[in-house]
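Trainee: Residue strings, one per chain:
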Amino acid sequence: AQSVTQLGSHVSVSEGALVLLRCNYSSSVPPYLFWYVQYPNQGLQLLLKYTSAATLVKGINGFEAEFKKSETSFHLTKPSAHMSDAAEYFCAVSDRASNYQLIWGAGTKLIIKP
Amino acid sequence: GAGVSQSPSNKVTEKGKDVELRCDPISGHTALYWYRQSLGQGLEFLIYFQGNSAPDKSGLPSDRFSAERTGGSVSTLTIQRTQQEDSAVYLCASSLDKNTEAFFGQGTRLTVV
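Residue numbers (my numbering), protein chains in the order written: chain A, 1 to 114; chain B, 1 to 113.
Do not rely on the hints blindly, as some may be mistaken.
What the hints assert, rightly or not - What follows is a set of in silico ranges between Cβ atoms, one per label pair, in the way DEER data are often shown: (1) B:Gln41 - A:Leu46: 42 to 50 Å; (2) A:Leu7 - B:Gly59: 18 to 26 Å; (3) A:Pro79 - B:Pro55: 20 to 28 Å; (4) B:Gly59 - A:Glu66: 25 to 33 Å; (5) A:Ser14 - B:Gly72: 45 to 53 Å; (6) A:Gly62 - B:Glu68: 40 to 48 Å; (7) B:Gln83 - A:Leu56: 19 to 27 Å; (8) A:Leu46 - B:Leu39: 17 to 25 Å.
Stated by the list, open to error - Here are the computed lysine to aspartate or glutamate pairs in the EDC-like style, where the Cα-Cα straight-line distance is at most 20 Å: (9) A:Lys49 - B:Asp97; (10) A:Lys58 - B:Glu101; (11) A:Lys109 - A:Glu71; (12) A:Lys109 - B:Glu44.
In case anyone wonders, no lab produced these hints; they're calculated from the structure.
Where a beta carbon is used, it is the ideal one built from N, C-alpha and C, also for glycine.
Let the hints inform the model, and build the full structure from the sequences given.
Mentor: In structure tokens form, the structure reads like this:
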């Protein structure tokens, strides 16, 4: 069965530091991969998605993620954290085997220290 | 509409009462999802519609929960005889088709007292 694992329920970085949020998935067929962000008291917003084109995907707000098939990973990065990046980030996978239903990770709360 | 619209945005109800939550998806989106997000928790899948039919109801937590979608558009999630553990944010999402990204509404915050 498909699954998504996000390592670390909370990640804390200093403003200006590198952001790295980890996501590993399991899928028996080529997946679609997504990162969503949820700002406090708001709904989820798509950050970026991988759909079998370029393995390095650029999203909004300076975020990017790299699909690594050999590692079954889709980690989210941003070179320099900003206070406004404080939010919860969710990784999700869908594929033909799951009838393209989104399977979600548990989420990682990103905390930015001044 | 421009985005996924959910109503009400907040609902406080007494234990044992029934509640109806509404979701207006983006026009033309055939796939519609309901999720539940409890405080500090991730997303719990409830039900998925493709058009008016629900191929996957596996996430509904009990028979007190039901959902319908009419005209391939608006969906309602009904919770009967609410319990305190039903308190959560209920999120609706829609997508153009089952293999495209989902767009989320702002959610309905349900509090059962």
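Trainee: Taking the hints in turn, state whether each one holds.
Mentor: For each hint, the structure was consulted:
1. B:Gln41 - A:Leu46: 42 to 50 Å: violated (21 Å)
2. A:Leu7 - B:Gly59: 18 to 26 Å: Check passed, 24 Å falls within 18 to 26 Å.
3. A:Pro79 - B:Pro55: 20 to 28 Å: Check failed, 42 Å falls outside 20 to 28 Å.
4. B:Gly59 - A:Glu66: 25 to 33 Å: holds (31 Å)
5. A:Ser14 - B:Gly72: 45 to 53 Å: Since Ser14 of chain A and Gly72 of chain B have Cβ atoms about 48 Å apart, the given range 45 to 53 Å holds.
6. A:Gly62 - B:Glu68: 40 to 48 Å: holds (41 Å)
7. B:Gln83 - A:Leu56: 19 to 27 Å: violated (46 Å)
8. A:Leu46 - B:Leu39: 17 to 25 Å: Holds, at about 23 Å.
9. A:Lys49 - B:Asp97: OK: Lys49 of chain A and Asp97 of chain B at ~15 Å, within 20 Å.
10. A:Lys58 - B:Glu101: holds (15 Å)
11. A:Lys109 - A:Glu71: Violated. Lys109 of chain A to Glu71 of chain A sits at ~23 Å, over the 20 Å cutoff.
12. A:Lys109 - B:Glu44: holds (17 Å)
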